[in-house]
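Engineer: Let the sequences and hints guide you as you build the complete structure.
There are 2 protein chains.
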Amino acid sequence: MTPSGYSFIAGSQVSGTAGTLTPRAGASGETLEPEHGLVSVEQVEQAARAAAEAFGAYRATSPEQRAALLEAMAATLEADGDDIVASAVAESGLPQARVTGELGRTTGQLRLFARVVRQGDHRGVRLDPALPDRTPLPRPDLRLQMVPLGPVAVFGASNFPLAFSVAGGDTASALAAGCPVVVKGHEAHPGTGELVARALTSAVADSGLPGGVFSYILGGIEAGQALVASPHITAVGFTGSRRGGLALVATAASRPVPIPVYAEMSAVNPVVVLPGALGDPAALATAYVGSLTQGSGQFCTNPGLLFLPTGEAGDAFVEAAAAAVAQASGQTMLTEGIASAYEKGAAGLRDTAGVEVLAQGSAGGAGAPAPQLLQVGTDAVDDAWDAVTEEVFGSSGVIVRYADTAALARRLARIDGQLTATLHLDADDDTDVEAARELLPVLEDRVGRILVGGWPTGVEVCDAMVHGGPYPATSDSRTTSVGSLAIERFQRPVCYQNLPAALMPQALADDNPWGLTRRIDGTLHLAPSQGVTHR
Amino acid sequence: MTPSGYSFIAGSQVSGTAGTLTPRAGASGETLEPEHGLVSVEQVEQAARAAAEAFGAYRATSPEQRAALLEAMAATLEADGDDIVASAVAESGLPQARVTGELGRTTGQLRLFARVVRQGDHRGVRLDPALPDRTPLPRPDLRLQMVPLGPVAVFGASNFPLAFSVAGGDTASALAAGCPVVVKGHEAHPGTGELVARALTSAVADSGLPGGVFSYILGGIEAGQALVASPHITAVGFTGSRRGGLALVATAASRPVPIPVYAEMSAVNPVVVLPGALGDPAALATAYVGSLTQGSGQFCTNPGLLFLPTGEAGDAFVEAAAAAVAQASGQTMLTEGIASAYEKGAAGLRDTAGVEVLAQGSAGGAGAPAPQLLQVGTDAVDDAWDAVTEEVFGSSGVIVRYADTAALARRLARIDGQLTATLHLDADDDTDVEAARELLPVLEDRVGRILVGGWPTGVEVCDAMVHGGPYPATSDSRTTSVGSLAIERFQRPVCYQNLPAALMPQALADDNPWGLTRRIDGTLHLAPSQGVTHR
Chain A
1 MTPSGYSFIA GSQVSGTAGT LTPRAGASGE TLEPEHGLVS VEQVEQAARA AAEAFGAYRA
61 TSPEQRAALL EAMAATLEAD GDDIVASAVA ESGLPQARVT GELGRTTGQL RLFARVVRQG
121 DHRGVRLDPA LPDRTPLPRP DLRLQMVPLG PVAVFGASNF PLAFSVAGGD TASALAAGCP
181 VVVKGHEAHP GTGELVARAL TSAVADSGLP GGVFSYILGG IEAGQALVAS PHITAVGFTG
241 SRRGGLALVA TAASRPVPIP VYAEMSAVNP VVVLPGALGD PAALATAYVG SLTQGSGQFC
301 TNPGLLFLPT GEAGDAFVEA AAAAVAQASG QTMLTEGIAS AYEKGAAGLR DTAGVEVLAQ
361 GSAGGAGAPA PQLLQVGTDA VDDAWDAVTE EVFGSSGVIV RYADTAALAR RLARIDGQLT
421 ATLHLDADDD TDVEAARELL PVLEDRVGRI LVGGWPTGVE VCDAMVHGGP YPATSDSRTT
481 SVGSLAIERF QRPVCYQNLP AALMPQALAD DNPWGLTRRI DGTLHLAPSQ GVTHR
Chain B
1001 MTPSGYSFIA GSQVSGTAGT LTPRAGASGE TLEPEHGLVS VEQVEQAARA AAEAFGAYRA
1061 TSPEQRAALL EAMAATLEAD GDDIVASAVA ESGLPQARVT GELGRTTGQL RLFARVVRQG
1121 DHRGVRLDPA LPDRTPLPRP DLRLQMVPLG PVAVFGASNF PLAFSVAGGD TASALAAGCP
1181 VVVKGHEAHP GTGELVARAL TSAVADSGLP GGVFSYILGG IEAGQALVAS PHITAVGFTG
1241 SRRGGLALVA TAASRPVPIP VYAEMSAVNP VVVLPGALGD PAALATAYVG SLTQGSGQFC
1301 TNPGLLFLPT GEAGDAFVEA AAAAVAQASG QTMLTEGIAS AYEKGAAGLR DTAGVEVLAQ
1361 GSAGGAGAPA PQLLQVGTDA VDDAWDAVTE EVFGSSGVIV RYADTAALAR RLARIDGQLT
1421 ATLHLDADDD TDVEAARELL PVLEDRVGRI LVGGWPTGVE VCDAMVHGGP YPATSDSRTT
1481 SVGSLAIERF QRPVCYQNLP AALMPQALAD DNPWGLTRRI DGTLHLAPSQ GVTHR
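Going down the list, the sequences are from chains A and B.
Quick note, in our numbering, the first sequence goes up one by one and the last residue is 535.
Quick note, in our numbering, the second sequence goes up one by one and the last residue is 1535.
Honestly, the hints are just simulated from the structure, not real lab data.
The C-beta atom is built at its ideal place from N, Cα and C for all residues, glycine as well.
All the given hints hold, so there is nothing to weed out.
Have a look at the derived ranges for each label pair, beta carbon to beta carbon:
#1 A:D206 with B:E1434: 28 to 34 angstroms
#2 A:G290 with B:A1509: 30 to 36 angstroms
#3 A:A501 with B:G1365: 43 to 49 angstroms
#4 B:P1513 with A:D386: 39 to 45 angstroms
#5 A:D386 with B:P1500: 31 to 37 angstroms
What the simulated footprint calls covered on chain B by chain A, stretch by stretch (three residues with Cβ under 8 angstroms from a Cβ of chain A suffice, anywhere in the stretch; the number is not a length):
#6 1253-1267
#7 1424-1437
#8 1457-1468
#9 1485-1499
Structural biologist: As structure tokens, this is what we get:
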């Protein structure tokens, strides 16, 4: 199966009527077949309305029905996997092995949410039984469950054409919560988006649910803004640039009824090397450059800023890191726009007062600009702070030298919100541990994920993951866009007072037909079917 | 103890330097002693900075320390209870029994959150242990906990001078989450605010925690805006008018770092009477008027809009309700501003085309305007819709007649977001139950709490309560401002990857020293100390 240039609205293949888009092979500039239609604002509204019309039926699905849909989506993606991977490789310029792995991550995410839905803890059921004899006033019967918000608009990322795109984490978590989804396809991978949307559309059709549960529309900025402005849309998931995210936040806030926007935007992901971690400076430096240059640095979690002690061991790290970057070659970036933004941002950093160029690698051809490594000394860092803490998307690393950890803690306390922070230390070194103890609450306040050792590029999809963080890493620090907690973004609580049994929602019924964990009179009660043990 | 006109910043009694405020006895206009100082913008910033400085120590408190502080606050409020109640009665014009009950509700809320903190489920702990042998990539050790956002600004309501004010639900839930609190005192009850703040300040001092954990500043609109704009503030809780709430939302959104605002604003709390509920129309009508006129209708959950069947039984309800309102007398409202806004809004409703005046009660003296009851027929409701769905704060009720429930469902599907909706029905009447089944998902989508029978005025403080709802009932439908779930407003998730034991936060440590419920590898594990049973 190859792309044909279509969008999918509520189960039907449609041709966009507002112009066309020619796909390109990554940043190399080569054009691909076929032309894709771009949807009109009217078509956007059609998709949003269909989602609203499907909401009633979809919210009423049982955990089993909803989980089965997510699993069917994973299966259809796997059935079309070869074609999907081929299209994503052609459009993104990413290596086949990487894209194949990403497909597995995407289907794994859908199945993770199927498990979450079946388990049902996300419904947050709370029961406070009636106390008819309480004085001075009796207590009514009160029951609470989380309900889905309504249709969700999803904006995929260019850098993960599968796992953060049409069938990515935002789509999976919104569908799991009971929300129909309208995906605005990314112009960097229209063919991939179409093939994935076709697979998801067929899974919805097979489920017997209304087609409006899932729509995919390929469009430009105007279409995206129209989608967020549609009165039928109740929340937005976005992964991309800060400018793009903030534009959607502004649109959502200025609606007659404002809606939440979960935008994952930008970060420099500070890495702090404590002195004890420099036992083998060259090995650590090589590992750092591996993370910095992996996939041309096109990760939200790329380690763009590293704090390194002054002194000989730090100098040795710098020397080895510079040598590694000098030997590194650029890989084709995702789009021409991303490649040229990298080149502009990288040059701006090199021209910043106080910034020293340690090394530049080689370009890997058209659209594959050279990686670079820069350094800022202790005396220049204040003036260069704003420049070095702003993300340059790509393989551009800045090493900031520091002389004492107390000053470092004060500096980190005022860094912009970040997705991650990483500490390298010797856990047997009391000085390192003491410094880390001082830094930990500072970082906790500034980031969504704290690593000790390792590198932030690599985001596990699981229950304990947080891919989020304070503004401007995201527009809403209270959640995550990766992992099972992401489902909570698309829910709100409703309380039911004194409902008769005939009207009681299934999740709240006395006989607990769905076998849910429930908080009863303040205490958690686990359904035996959960197979939960004490520990 | 009587009020002296002070604010409290970080443990110190201070005199506001930006003018003075003369307290008044409710809406009667009588002035009270003493004059109160209003804080300057500099004093606002001083309080916010002290909160930020106290955050490090306060967030590090154990569950026991934090719970003990909340309980100590409840105890100091009780010790000063007679003076606090006397001041609130004088300033609000509310009856003593009501205010005494509200003090009990306030201390009860603090103790509820002490229980929540000790139990610790709000920390949402999730552990995904390392899988070093997993292929193709090992899984690191990942642990998640919810952490406090940071200093919270609280804006109390005029209509609950205790339970929704200085020591109210927003303050209790923010402190429980680990957030220092700065309360902007309400100008309608400055003396009460001061006495409550004095009690809370003394509890903080006795705890040995930094004074910045709690500050109370009495100020005007400019001070409130400055508080929300302060870079030290990370979230806002507000109960009050839509205009006031939206002004704070706008300020929060336009900060360099936007912050969440939880504003509980306005509602008309629709009541739907289904035909089967009209077995004794006069009794139901009397109960309705009791809820409508209770406390001069000064409740967020006042039932301002009632849908009633056309026909004889409905006519009998109207007749009885009109008679009850005609005999009702206004009680002194909270402030002159509220009384005059009621009079203006009530007159506007009476003058709306298609609105029929059924009854007006009598005024209860200065600042105690008369209750009123209005009716809109089936033919006029479309034109009058905007007017009758806008809150008039006070005892003004509108009865909308309807002829069939399908049309009613379509109408309710486009009502503004509401705090509550109430259904009156006969649970043994199949037609009623069928109609309710049709209405339930519509209401679920529009409100935070659905009642069957009874009246919405009366908000239980418990685990299953939702006092919230879609915009414009609140600025953020994803939460509640009453009940234990409110704590989640002031938290965000952080993930810890591969932390050594020496750096592990207590809540996440292997030996579970706080005895928390934890989700391990996807499955909930209950600490035996929780005493949880299966059911």
